[in-house]
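**Student:** Chains D and R, in that order, give the protein sequences.
Oh and the first sequence: position 54 is 54 in UniProt numbering, straight run, nothing missing.
Oh and the second sequence: position 479 is 479 in UniProt numbering, straight run, nothing missing.
Worth flagging that the hints you see were computed from the coordinates, not collected in a lab.
These figures come from a predicted structure and were not determined experimentally.
A portion of the hints provided could be inaccurate.
Claimed, not checked - Here are the simulated DSS-like cross-link-like pairs (lysine-lysine), alpha carbons at most 30 Å apart as the crow flies: (1) D/106 / D/35; (2) D/470 / R/317; (3) D/470 / R/66; (4) R/470 / D/317.
As the list claims (entries may be wrong) - One-sided and incomplete, this derived list gives chain D residues near chain R with beta-carbon spacing under 10 Å: (5) 239; (6) 327; (7) 409; (8) 487; (9) 491.
Cβ coordinates follow ideal geometry from the N, Cα and C atoms, glycine included.
Number of protein chains: 2
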Amino acid sequence: MVDDAARDSRRERRRGRTGEAGSETSRRPDYRSLKNPFLPQPIFSDDQVAAIHDTALRVLEELGIKVLLPQARELFARAGALVDPDTDMVRLGRDMVTAALTSAPKSIQARAGTRARDLTLELGSMTFLAGCGAPNVTDLERGRRPGTLADFEDLMRLVQHFDVLHMLGPCIEPQDVDNRYRHYAVNRAQLTLSDKFPFVFARGTPQVEDGFEMLRLARGLSEDEFRANAHCYTVINTNSPRQLDIPMAQGIIDFARAGQVSVITPFCLAGAMAPITVAGALTLQHAEALAGLTLAQIVRPGAPVVYGSFSSNVDMKSGAPAFGTPEHVKATLGAGQLARFTGLPWRSGGGSAANISDAQAAHETQFALWGSVLAGATMCIHAAGWLEGGLSVSFEKLVTDVEALQTVAELCAPTPGDSDSIGFEAIAEVQPGGHFFSAGHTMARYRTAFYEPLVADWSNFGNWTQSGSKTASERATGVWRRALADFVPPASAVATAGVLDEFIARRTQEGGAAPVS
Amino acid sequence: MVDDAARDSRRERRRGRTGEAGSETSRRPDYRSLKNPFLPQPIFSDDQVAAIHDTALRVLEELGIKVLLPQARELFARAGALVDPDTDMVRLGRDMVTAALTSAPKSIQARAGTRARDLTLELGSMTFLAGCGAPNVTDLERGRRPGTLADFEDLMRLVQHFDVLHMLGPCIEPQDVDNRYRHYAVNRAQLTLSDKFPFVFARGTPQVEDGFEMLRLARGLSEDEFRANAHCYTVINTNSPRQLDIPMAQGIIDFARAGQVSVITPFCLAGAMAPITVAGALTLQHAEALAGLTLAQIVRPGAPVVYGSFSSNVDMKSGAPAFGTPEHVKATLGAGQLARFTGLPWRSGGGSAANISDAQAAHETQFALWGSVLAGATMCIHAAGWLEGGLSVSFEKLVTDVEALQTVAELCAPTPGDSDSIGFEAIAEVQPGGHFFSAGHTMARYRTAFYEPLVADWSNFGNWTQSGSKTASERATGVWRRALADFVPPASAVATAGVLDEFIARRTQEGGAAPVS
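Chain D on its own, in the form it takes in the complex:
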């Protein structure tokens, strides 16, 4: 493995991808700020989109949503919602929802650790995130196992390493850290290893406040400066159908108050927690997302919220969730229509239900990815490494999926169609039966013309066999091992360690903060 890594490292240097001296003529793709070049693909007529929106408003008006947090019910009631004290059901008038859609920002400036990593979240922009929320981690060398802090840190290093992964996220749950202190470790890893836009868990106000304080310390911001911009995000999952639990409602409130980003995502599995039709699942998703973002706007008009969609289907024989299915793609395309109807930035979900990084995993992941791309999703979460419908994150799959994301990123770049690119003279230069390898047109461009693969191997069968007949996943092991071995965290991130460790030491002495449920 060491030999492989060394050889691959030499090859990478030859390719000039490591940014060393003398490589100015090599390819330096910029994947940091992607604009989606594809026309959004609709599955519903405009009338049908309006009908889904209207039905979602009826769901909120006539049926309501159960809100478990008293403070949230009070906020809703004060804003004009009808709250049933016996059932905790909250019914929202469409005027409240319309006002919320008006005050929610259509564009969010996400401030990262350095300005070069800042992101604009709005319709038309496209960001990718690695798989998140998995209890387990897996790789070909160590097998599948419960996630640890060491794994989480390695995943943060890999997310930092690949420019096409635009934000950090809670890839795996570090189960070796007590849950009263886990959020310190998770936040510390993000802030000291990376300068990308970080995630903070919404597991109760004490943990959220700890997270905000760590961000203020790391970024050197006052409370007011912190509130003035979006410095982190959280994901709020409603409990479909029609329920908002205590930590999630509290998270919406806490993040809105602090001007931080809530990604409000119903997880609507058609046939299980949502109606079996794509239109029905999206109607429930839309109603729940609207309820959540309305709460955020009640707390603070203009609070940054991302419309969330993660609707797929289940296997009706076993109840098992499925991803990358035709229904998942369709639900994502429909969600894009609903998001555009609101005008808000929005998130989709990628992923696969496969148990190993095989052809099924790749196909499902790419179908989900294309659903997101063709739906115009602003944030595509779980786009790399996610297996088992989110029960594990795979190191090698993260690498092979990054290759797919880089391919999409390459498609964002314009294709020159000027006279020089059309190249009549180049065609004239090469006679029938000849080749273009040494044509002037080729020589002027060959270093930078084509995408250079991360893990794909295009050698012929003989050479591939001589190199050990490795699958893409086996080769991916060399890629992530090398990325970790060569990893140097950004100096600005490293510099935050001292102040963060001081804070963590104090809070640990104080007993930390248990998650609220």
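Starting from the known structure of chain D, fit chain R onto it as the hints suggest.
**Tutor:** Just chain R, lined up with the frame of chain D:
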């Protein structure tokens, strides 16, 4: 393996997919006639497309194309082209090309063995073909080996089995049959095992005439009846850059005379046999395709031709062809724009350069597939099973790729967005914290709501491990083995064997027909 197949077969029967009595309530998707539901995605402006077309006309007018077949040069000359007798270069005026684009049919009715398998080839329709032209065949049980007639026959059975594969094709080269008799075996296998639209090699007039005669015998047609409709197709590859060899030129002439379909496909690998830019490779492709289809229209105005595109790139370090790359996807999207400019049905090419059916193979194949889908290709060749850039066809990859094709086919079906699908009542029926499994809305639809996977396994990690931790490729082995074991050729196809065998026996006695080169 036998046990697995039996278990899987039982599961398939339970799922009701085998069409047995009592399964009327199960899902019966119809993949036979697909209309592409996606908006075509452009990479060039309309002006740039016009400039590429104009430059291609300049290439043909000013530079010309080398035509190795004297008869073809004569035909071109008689139609007004300038032929240089010293260099065999043919220069075509744009008037000739414009006339050809006018007379070429915009819609081709492809007559298969039964009307239920007929296809309409025109912009907006979408057909998929398995990988074609490979010298080798591979599967997990027997490994990679030179193709044999037995393999070819098995592949024809599998192509016939999966409705989402719309035409037959020369998947692999049966190298165990002498090349003077090989075309008899290939044609016989297609006509006796399948009722789908068949392929005939263009390897010289004697072989082509044999193929046409076998088709007339199998279909019970007179020569005039045969000529009146398109009963088969061939693929014409130009020798890029700017050369048309003897068998290919002869093929265009023979197929046009007989009213059969020529798919005229330059194989333009940017940086090698074509300019290194996507626009340049497409300009050369366009010029060569126009030259070929002009020859067909000179021979017989109205002869059915399919505009062919198979432009990708090479690795500039090794010269190795690559597929499913960003450049391949872009070239396909641009080719779609050029094809729509001509108004003709057109073919694209899928595939992967991977050496084994792994994550790379799946990702590359699906990227190439999406290129074809979003470019609006009428025929997508090499869409299933193609490995090593066409040097082998894999049985298990054919199955995993068919799952991807079926997913795309499912996306062609409209998504209901009516009030009943939106399902306000269903949402009202299920209380917060409940589930939709037993809702009336679900019960009325659960048998047919969702795509049922062919090879994907959505079981959880524990069950998957207990079932032997099989990869998708390993499970695919059971799928293709079962499909072959259960295969029953269409009665109409079986019925052709007698008359074909009589013909083959006579022609074999006469010495067969060697390929022309």
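**Student:** Confirm or reject each hint.
**Tutor:** Against the structure, the hints come out as follows:
1. Annotation: proposed proximity of residue 106 of chain D to residue 35 of chain D holds, straight-line Cα distance about 16 Å (limit 30 Å).
2. The straight-line distance between the Cα atoms of residue 470 of chain D and residue 317 of chain R is roughly 20 Å, inside the 30 Å bound, and the hint therefore holds.
3. Distance restraint check for residue 470 of chain D and residue 66 of chain R: the Cα-Cα separation of roughly 43 Å exceeds the 30 Å cut-off, and the hinted pair is therefore not satisfied.
4. The suggested pairing of residue 470 of chain R with residue 317 of chain D holds, with an alpha-carbon distance near 20 Å, which does not exceed 30 Å.
5. The interface hint given for residue 239 of chain D holds, since its Cβ lies 7 Å from the closest Cβ of chain R, which is under the 10 Å cut-off.
6. The closest approach between the C-beta of residue 327 of chain D and any C-beta of chain R is roughly 6 Å, which is under the 10 Å cut-off, so the hint is satisfied.
7. Nearest Cβ of chain R to the Cβ of residue 409 of chain D: about 8 Å, under the 10 Å cut. The hint holds.
8. With a cut of 10 Å, the hint placing residue 487 of chain D at the interface with chain R is violated, because the nearest CB-to-CB distance is about 23 Å.
9. At a threshold of 10 Å, the smallest CB-CB gap from residue 491 of chain D to chain R is about 33 Å, leaving the interface hint violated.
Violated hints for the displayed structure, listed by number in ascending order: 3, 8 and 9.
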